[in-house]
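So the sequence lines, in the order shown, correspond to chains A and B. Per the working numbering, the first sequence starts with residue 7, numbered consecutively. Per the working numbering, the second sequence starts with residue 219, numbered consecutively.
Since the hints were derived computationally from the structure, they do not count as laboratory data. Beta carbons are placed, not taken as given, at the ideal position from N, Cα and C, and that holds for glycine. Treat the hints with care, since some could be wrong.
[Unchecked claim] For the chain A half of the interface with chain B, some residues (derived, Cβ under 10 Å), not all of them:
#, residue
1, Val76
2, Ala195
3, Arg227
4, Leu264
5, Ala266
[To be verified] So, partial list: chain B residues that the calculated Cβ filter (under 10 Å) puts toward chain A:
#, residue
6, Thr235
7, Ala236
8, Ser240
9, Gln245
10, Gly252
11, Leu273
12, Leu277
13, Thr422
[Claimed, not checked] Counterexamples of contact, computed for chain A against chain B with all Cβ distances above 12 Å:
#, residue
14, His140
15, Asp161
16, Pro213
17, Arg235
18, Asn293
19, Glu335
20, Leu337
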Amino acid sequence: MATGRCTISTRSGLMSDVTILGAGVAGLFAAHELARRGWTPRILDRAGAPGPHGCSWWAGGMLAPHCEGVTAEPVVTRLGAEAGAAWAEVTPVTRRGTLVVALDRDRGELTRFARRSTGHQTCAPGDLEPDLAHHRAGLFFPTEAHLDPRRALADLVAALAAQGITIERTEATPEDIPGPVIDARGLAAALPGLRGVRGEMAVLHAPEITLTRPVRLLHPRHPLYIVPRAGGLFMLGATQIESASRAPVTARSALELLSAAYALDPRFAEASVVELGADLRPAFADNIPRVIARGRVLHLNGLFRHGYLMAPLLARQAADYLTDRSKGELLHED
Amino acid sequence: MRDFYGITLNSPLMLGTAQYPSPAVLQAAFRASGASVATVSLRREAGQGQAFWSLIRDLGVRVLPNTAGCHSAREAVTTARMAREVFETNWIKLEVIGHADTLQPDPFGLLEAAETLAAEGFEVFPYTTEDQVLAGRLLDAGCKVLMPWGAPIGSGLGLNNRFGLRTLRAAFPDVPMVIDAGIGRPSHAADALEMGFDAVLLNTAVAQAGDPEAMARAFGLAVQAGALARAADPMEPREMAAPSTPLIGKAWL
């Protein structure tokens, strides 16, 4: 795939004009990638800097292509493998892998998960996370990583600001803007076939519990992941419901998330619930993210539950296309 | 095949729509299976899921809304009324869960809700056990279809109580019956059809298979095989060996 580096040195003056709509993870990473290649993008977002109004805010921040591959299409696992390295240029990435456990009565789930995933080894959970020594069997995915999504968004914003690129708070559609446009507005772009998939999460403060890597608890009805954050915080995620409702977390979902955390480690019963959040993930029917080229507009959308895993790759494919029309695997011409 | 409230289905396979890796996989599974009915849950999915609902509609199969997750008659009745508005059908798969862990039906709540809904013109598909007395009461309440379980929801154990199911089938020979829940393998589905049940309803066995599309095709073939076998009047099992070639009169060589 062409890097476009030579082109940039000769045409840099012409390339200072690309507008990015949407300052979520897809739009910001696209801006970062383009700036890295010598473009000077302009970023517009109707709500300004990243915050609770965007679904990127509510993400888990797991860079777990192998675990995701159990349900996602193989392309997500393959292309997601690059995410850790790309993010490490922008924000701290913790590379301590993923631990997957199941309760004794759901041991069969562990066998099935192992059969359907790659890149793992069996382990005693207590050897990796002493706090989980009461779980007897586990799977370890050593190459996986995680980051703190809100920190990552802030670091992206700061890196762009250092280059003089700021986020303008204004609402716009591609039709309003001349020249090349990257539309990364998520559901607001209202693309055909794009739907919202509801996700609900919780943040707990449990300073007496120490986990150093994301832990997934397999369960036939209520699978859960817990991502450790700094300062004794833990993010619990996430439901996945075919609904376009942005209503606050339901009691049922909160019960499920919290019970699963309790099942993982009973000390979570004493945790403070710091946050409950719900939002919609934009997704296409196959749940695979896309770059859709439509005239001078490139749509980056449908990141589903793979926002942080796939944003770097989508950004690269968008930049490649803008630079020399090269078509990456996720690029669709409309 | 017996009809369901006047509707003759072109396949005895009914599939749930939850837990697929993606809607694209769901659509592929329906196509591969030839299923004639899709069940949808109103409570969580389609209530605010217009996009998902239109995907289901595009499947081109009959929609059977359900009251999954309801734990009381009242809750189930409310959900059924909402489902009628949203899906524009009188069909309702009535599920009143009696136990949170085993998800077994609550027979008392089920009967109460069935009476109410049948009186309101619903065409009720009650998710029930193999209990023959309860089945009779559900029919008295106005149900014209029964959906006995094979085994607990999501367990994949197949036909857990063959004696009870066979007795139920024989007790009400004219009532259309669907084996709902517990079907884990295509052989279970074929088994149900061979026993004389009219259809099977399953979800997890396809949605959570490693290759849902291939598994859906396998189930489509299995129900065809089961229905064909039933119509062909299968032999009765017997304790003793019966050689297919007679021994007496065998040539001495």
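A quick look at each hint next to the structure:
Because the closest C-beta pair between A/Val76 and chain B is about 9 Å apart, less than 10 Å, the hint holds. Hint on A/Ala195 is violated. Least Cβ distance to chain B is approximately 14 Å, over the 10 Å limit. A least Cβ separation of about 7 Å between A/Arg227 and chain B falls short of the 10 Å threshold, and the interface hint therefore holds. The closest approach between the C-beta of A/Leu264 and any C-beta of chain B is roughly 16 Å, which is over the 10 Å cut-off, so the hint fails.
Look at A/Ala266: its Cβ only gets to about 15 Å from chain B, farther than 10 Å, so that hint breaks. Because the closest C-beta pair between B/Thr235 and chain A is about 8 Å apart, less than 10 Å, the hint holds. Interface restraint check for B/Ala236: the shortest CB-CB distance to chain A comes to about 8 Å, inside 10 Å, so the restraint holds. Annotation: interface hint on B/Ser240 holds; nearest CB of chain A at approximately 4 Å, less than 10 Å.
Annotation: B/Gln245 was flagged as interfacial toward chain A, and the flag holds, the nearest CB pair being 7 Å apart, inside 10 Å. Against a cut-off of 10 Å between C-beta atoms, the interface hint on B/Gly252 is violated, since the closest Cβ of chain A lies about 21 Å away. For B/Leu273, the interface hint holds, since its Cβ comes within 10 Å of a Cβ in chain A; the closest pair sits about 7 Å apart. Evaluation of the B/Leu277 hint against chain A yields a violated restraint, the C-beta minimum of about 12 Å exceeding 10 Å.
A least Cβ separation of about 8 Å between B/Thr422 and chain A falls short of the 10 Å threshold, and the interface hint therefore holds. The Cβ of A/His140 sits about 22 Å from the closest Cβ of chain B, beyond the 12 Å cut-off, so the non-interface label holds. For A/Asp161, the requirement that its beta carbon stay farther than 12 Å from each beta carbon of chain B is met, with the minimum near 31 Å. At roughly 32 Å, the least C-beta separation between A/Pro213 and chain B is larger than 12 Å, which holds for a residue marked as non-interface.
Even its closest Cβ contact with chain B, about 28 Å, leaves A/Arg235 beyond 12 Å, as expected for a residue assigned away from the interface. The beta carbon of A/Asn293 is not kept farther than 12 Å from every beta carbon of chain B, the shortest such distance being approximately 4 Å. At roughly 17 Å, the least C-beta separation between A/Glu335 and chain B is larger than 12 Å, which holds for a residue marked as non-interface. Residue-level check passed: A/Leu337 sits 18 Å from the nearest beta carbon of chain B, beyond 12 Å.
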